Amino acid sequence: GENVEQHPSTLSVQEGDSAVIKCTYSDSASNYFPWYKQELGKRPQLIIDIRSNVGEKKDQRIAVTLNKTAKHFSLHITETQPEDSAVYFCAATPPGYSTLTFGKGTMLLVSP
Amino acid sequence: GAVVSQHPSRVICKSGTSVKIECRSLDFQATTMFWYRQFPKKSLMLMATSNEGSKATYEQGVEKDKFLINHASLTLSTLTVTSAHPEDSSFYICSAPVPRVSTDTQYFGPGTRLTVL
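Protein chains in written order, with my numbering: chain X, 1 to 112; chain G, 113 to 229.
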């Protein structure tokens with residue numbers, strides 16, 4: 001089955017800095033890669049996703065890049081704000097399945 | 113936007129009792145829903161896929177007799193933790209794909225915090 005590795009496990013940045021979280025996946029057939037943000041005690045919320053036919057996608061301060069050859073994808077957050085502090089999860093889905101395989105999460109702390 | 117609700121949000125029960133958790137899709141029909149379990153500071157682990165009108169598909173290592181799943185309608189799936197024990201204490205979250213968005217994109221419920229004494 002699919003295996004998703006996520007790094008780093010924790011990331012501390014100063015407000016205004018950029019943050020990058022990286023994930024690798026094992027199943028070359030995977031074609032859908034969402035990112036979720038989860039605040040303490042709350043539900044995971046989808047913040048951005050990318051499909052395998054696209055190399056990059058951007059939504060305001062958030063962007064995701066995908067390298068199919070290397071089987072890795074990354075989340076980029078620019079101009080970080082304290083409210084960006086949360087745990088971020090990457091996930092991957094092979095075609096023909098709707099189940100998500102999640103990475104272990106990255107705790108992002110943005111200090112004012 | 114698509115909304116997935118869960119009830120209850122928090123439950124405390126005695127060891128040996130059963131607890132039912134409901135997951136509802138509020139503005140869309142969900143033929144498939146997913147149940148996850150999340151331990152503190154850990155990732156989401158898929159427990160089972162709930163299929164409307166048929167049996168749930170359980171992930172390896174998940175006891176189907178302990179975690180009963182019923183998907184009786186297109187808007188409701190229930191997870192019953194039978195004969196709960198302290199080690200079953202966890203955060204249980206459901207999710208569902210929203211057809212009008214895509215078959216891949218999943219939206220999560222708010223979760224249910226189960227504490228077994």
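Hint data in this document are derived by calculation from the structure and do not stem from the laboratory. Note that the coordinates shown come from a computational prediction; the quantities given were computed from them, not determined experimentally. Just so it is clear, CB atoms sit at the ideal spot from N, CA and C, and this is done for glycine as well. A hint or two may mislead.
[As the list claims (entries may be wrong)] Mimicking DMTMM-like on lysine to aspartate or glutamate, the simulated pairs with C-alpha atoms at most 20 Å apart in a straight line are:
| id | chain 1 | residue 1 | chain 2 | residue 2 |
| --- | --- | --- | --- | --- |
| 1 | X | LYS71 | X | ASP27 |
| 2 | G | LYS154 | G | ASP177 |
| 3 | G | LYS153 | X | ASP59 |
| 4 | X | LYS104 | X | GLU5 |
| 5 | G | LYS126 | G | ASP216 |
| 6 | X | LYS68 | G | GLU171 |
| 7 | G | LYS153 | X | ASP27 |
| 8 | X | LYS42 | X | GLU79 |
| 9 | X | LYS42 | G | GLU164 |
| 10 | G | LYS153 | X | GLU56 |
| 11 | G | LYS154 | X | GLU56 |
| 12 | G | LYS154 | G | GLU164 |
| 13 | X | LYS57 | X | GLU15 |
| 14 | X | LYS22 | X | GLU56 |
| 15 | X | LYS104 | G | GLU171 |
| 16 | G | LYS178 | G | ASP216 |
| 17 | X | LYS57 | G | ASP216 |
| 18 | X | LYS58 | X | ASP27 |
| 19 | G | LYS154 | X | ASP17 |
| 20 | X | LYS71 | G | GLU171 |
| 21 | G | LYS132 | G | GLU164 |
| 22 | G | LYS153 | X | ASP17 |
| 23 | G | LYS154 | X | GLU79 |
| 24 | G | LYS167 | G | GLU199 |
| 25 | X | LYS58 | X | GLU79 |
| 26 | G | LYS154 | X | ASP59 |
| 27 | G | LYS176 | G | ASP139 |
| 28 | G | LYS132 | G | ASP216 |
| 29 | G | LYS176 | G | ASP216 |
[To be verified] So the derived list for chain X, only partly shown, Cβ under 7 Å to chain G, looks like this:
| id | residue |
| --- | --- |
| 30 | SER28 |
| 31 | TYR32 |
| 32 | PRO44 |
| 33 | LYS68 |
| 34 | THR93 |
| 35 | PHE102 |
| 36 | GLY105 |
Structure-based check of each hint:
1. A distance of roughly 8 Å separates the Cα atoms of LYS71/X and ASP27/X; the hinted pair therefore holds under the 20 Å criterion.
2. Between LYS154/G and ASP177/G the alpha-carbon distance is near 25 Å, which puts this suggested pair outside the 20 Å criterion.
3. A threshold of 20 Å between alpha carbons decides the hint, and for LYS153/G with ASP59/X the separation of about 27 Å lies outside it, so the pair is violated.
4. For the hint linking LYS104/X to GLU5/X, the alpha-carbon distance of about 7 Å falls within 20 Å, and the restraint holds.
5. As the CA atoms of LYS126/G and ASP216/G are separated by approximately 38 Å, the hinted pair breaks the 20 Å bound.
6. Taken as a hint, the LYS68/X and GLU171/G pair is broken in the structure, with Cα atoms around 27 Å apart against an allowance of 20 Å.
7. Pair hint LYS153/G plus ASP27/X does not hold up; C-alpha atoms about 26 Å apart against a cutoff of 20 Å.
8. Straight-line distance between C-alpha atoms of LYS42/X and GLU79/X comes to about 24 Å, which puts the hinted pair past the 20 Å bound.
9. For the hint linking LYS42/X to GLU164/G, the alpha-carbon distance of about 26 Å lies beyond 20 Å, and the restraint is violated.
10. Restraint check for LYS153/G and GLU56/X: not satisfied, since their Cα atoms lie roughly 29 Å apart, outside the 20 Å limit.
11. Between LYS154/G and GLU56/X the alpha-carbon distance is near 28 Å, which puts this suggested pair outside the 20 Å criterion.
12. In summary, the hint linking LYS154/G to GLU164/G is not supported, as the alpha carbons are separated by about 29 Å, beyond the 20 Å threshold.
13. For a cut-off of 20 Å, the pair hint linking LYS57/X to GLU15/X is broken: about 23 Å separates their Cα positions.
14. Under the criterion of a C-alpha separation no larger than 20 Å, the hint pairing LYS22/X with GLU56/X is consistent with the structure, at around 14 Å.
15. Simply put, LYS104/X and GLU171/G have alpha-carbon atoms about 18 Å apart, close enough for the 20 Å limit, and the pair holds.
16. A distance of roughly 28 Å separates the Cα atoms of LYS178/G and ASP216/G; the hinted pair therefore is violated under the 20 Å criterion.
17. The hinted pair formed by LYS57/X and ASP216/G meets the criterion: a straight-line CA distance of about 17 Å does not exceed 20 Å.
18. As the CA atoms of LYS58/X and ASP27/X are separated by approximately 24 Å, the hinted pair breaks the 20 Å bound.
19. Using a Cα cut-off of 20 Å, the hinted pair LYS154/G and ASP17/X is violated, with the two alpha carbons roughly 26 Å apart.
20. With a C-alpha separation of about 25 Å, the suggested pairing of LYS71/X with GLU171/G is violated against the 20 Å cut-off.
21. A distance of roughly 17 Å separates the Cα atoms of LYS132/G and GLU164/G; the hinted pair therefore holds under the 20 Å criterion.
22. Of the supplied pair hints, the one linking LYS153/G and ASP17/X is violated, its CA atoms being roughly 25 Å apart against a limit of 20 Å.
23. Of the supplied pair hints, the one linking LYS154/G and GLU79/X is violated, its CA atoms being roughly 27 Å apart against a limit of 20 Å.
24. Our distance criterion of 20 Å between C-alpha atoms is broken by LYS167/G and GLU199/G, whose separation comes to about 25 Å.
25. This hinted pair checks out: LYS58/X and GLU79/X have alpha carbons roughly 14 Å apart, not beyond 20 Å.
26. This hinted pair does not check out: LYS154/G and ASP59/X have alpha carbons roughly 27 Å apart, beyond 20 Å.
27. With a C-alpha separation of about 29 Å, the suggested pair LYS176/G and ASP139/G falls outside the 20 Å cut-off, and the hint is violated.
28. Of the supplied pair hints, the one linking LYS132/G and ASP216/G is violated, its CA atoms being roughly 27 Å apart against a limit of 20 Å.
29. Among the hinted pairs, LYS176/G with ASP216/G is inconsistent with the structure: their alpha-carbon atoms are about 25 Å apart, more than 20 Å.
30. A least Cβ separation of about 17 Å between SER28/X and chain G goes past the 7 Å threshold, and the interface hint is therefore violated.
31. The interface hint given for TYR32/X is met, as the beta carbon of that residue sits about 4 Å from the closest beta carbon of chain G, less than 7 Å.
32. The closest approach between the C-beta of PRO44/X and any C-beta of chain G is roughly 5 Å, which is under the 7 Å cut-off, so the hint is satisfied.
33. At its closest, the beta carbon of LYS68/X sits 16 Å from a beta carbon of chain G; the interface hint therefore is violated under the 7 Å criterion.
34. Taken as an interface hint, THR93/X checks out: its beta carbon lies about 6 Å from the nearest beta carbon of chain G, inside 7 Å.
35. Checking PHE102/X against chain G: minimum C-beta separation of about 5 Å stays under 7 Å; hint holds.
36. Hint on GLY105/X holds. Least Cβ distance to chain G is approximately 5 Å, under the 7 Å limit.
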